[in-house]
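The hints should help you fit chain B onto chain A, whose structure is shown.
Each chain, letter by letter, is given below.
There are 2 protein chains.
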Amino acid sequence: MSTSASASQVVITPQQFLAHWQAHRRLTRRVIDAFPADKLFTHSIGGMRTFGEIAKELLGMATPTVAGILTDQWGKYEEAAASTKAEVLTQWDAITAELDAKFLEIPVERFQETKTAFGQWTMPVHDLLLYVIDNEIHHRGQGYVYLRSLGIEPPAFYDRS
Amino acid sequence: MSTSASASQVVITPQQFLAHWQAHRRLTRRVIDAFPADKLFTHSIGGMRTFGEIAKELLGMATPTVAGILTDQWGKYEEAAASTKAEVLTQWDAITAELDAKFLEIPVERFQETKTAFGQWTMPVHDLLLYVIDNEIHHRGQGYVYLRSLGIEPPAFYDRS
Numbered sequence: 001m002s003t004s005a006s007a008s009q010v011v012i013t014p015q016q017f018l019a020h021w022q023a024h025r026r027l028t029r030r031v032i033d034a035f036p037a038d039k040l041f042t043h044s045i046g047g048m049r050t051f052g053e054i055a056k057e058l059l060g061m062a063t064p065t066v067a068g069i070l071t072d073q074w075g076k077y078e079e080a081a082a083s084t085k086a087e088v089l090t091q092w093d094a095i096t097a098e099l100d101a102k103f104l105e106i107p108v109e110r111f112q113e114t115k116t117a118f119g120q121w122t123m124p125v126h127d128l129l130l131y132v133i134d135n136e137i138h139h140r141g142q143g144y145v146y147l148r149s150l151g152i153e154p155p156a157f158y159d160r161s
Numbered sequence: 001m002s003t004s005a006s007a008s009q010v011v012i013t014p015q016q017f018l019a020h021w022q023a024h025r026r027l028t029r030r031v032i033d034a035f036p037a038d039k040l041f042t043h044s045i046g047g048m049r050t051f052g053e054i055a056k057e058l059l060g061m062a063t064p065t066v067a068g069i070l071t072d073q074w075g076k077y078e079e080a081a082a083s084t085k086a087e088v089l090t091q092w093d094a095i096t097a098e099l100d101a102k103f104l105e106i107p108v109e110r111f112q113e114t115k116t117a118f119g120q121w122t123m124p125v126h127d128l129l130l131y132v133i134d135n136e137i138h139h140r141g142q143g144y145v146y147l148r149s150l151g152i153e154p155p156a157f158y159d160r161s
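As given, the protein sequences belong to chains A and B, one line each in that order. Counted the way the working numbering counts, the first sequence spans residues 1 to 161. Counted the way the working numbering counts, the second sequence spans residues 1 to 161.
Pulled out of the complex, with its shape left as it was, chain A reads as follows:
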């Protein structure tokens, strides 16, 4: 089988997967940034967490998941420590750089291996990574409602630039 025939069997490459994730992370960063600084950790609906608390969860999942996949060393899951919008955005940008530096070090065969993340969640690596991305999209959707309820137009969902 030639390299090009092999490439044509691929649904999505690791490079494309990383680009997809970072595109979502650019949008999520804009959603965080759209909150007034005094609302990020105070505004909520229906007894749910603030979007600041949600962001701490997202910050705690991204690079520790990739590090665990790379090294097979998993600590306990911990949300990030942050209490201001500026702290959240600074950590967000550090993770962006770290994902760009590390993600493509994942050996491609590992995406089909099954791992137990953080001692708790056992699934194939591609599902683990999709779970982290999907969890971000899910919570970001909540953030859109919070913004609308504050009278703020959220960033366009389709714009990932």
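For the record, the hints were derived by calculation from the structure and aren't laboratory data. Among the hints, erroneous ones may be present.
[What the hints assert, rightly or not] Footprint (simulated), chain A over chain B, 3 or more residues, beta carbon under 8 Å: (1) 9-15; (2) 25-36; (3) 76-84; (4) 106-112.
All C-beta atoms in this analysis are idealised placements derived from N, C-alpha and C, irrespective of residue type, glycine included.
Just chain B now, kept in the frame of chain A:
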């Protein structure tokens, strides 16, 4: 390259991709079903659409996208017609069956081809399909806030059974 070596280069297979989508669709169905019938098309927050209107969008995207990818024939995007919870759920289940019947007919090399969906959205096929799934996750996240604001506990995000 042997078949097994080739398989090991794969991030996610078409079968796994379909399973991932259907798992999300089971959760979205439970979110639709968690709405009281008289709230699905009436309750909203911040001037956003009701979850019933959102469901009509999701119903209108799934199978026409797969059909377009399969046939290269694209109509105009149209949301589904439905005005009751029962109608939405009936159409949801029909689409579940149709995706199971058709999705794996997509030739695997097509995931890396670029298409223009509904005459408007030009991107690689894997991105088109991820867009449809991500759009569902995004809007379902809004549905979670609507349910909480009604005092209803939403289905668990991690349960895709």
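Of the numbered hints stated previously, which ones are contradicted by the structure, given in increasing order? 2 and 3
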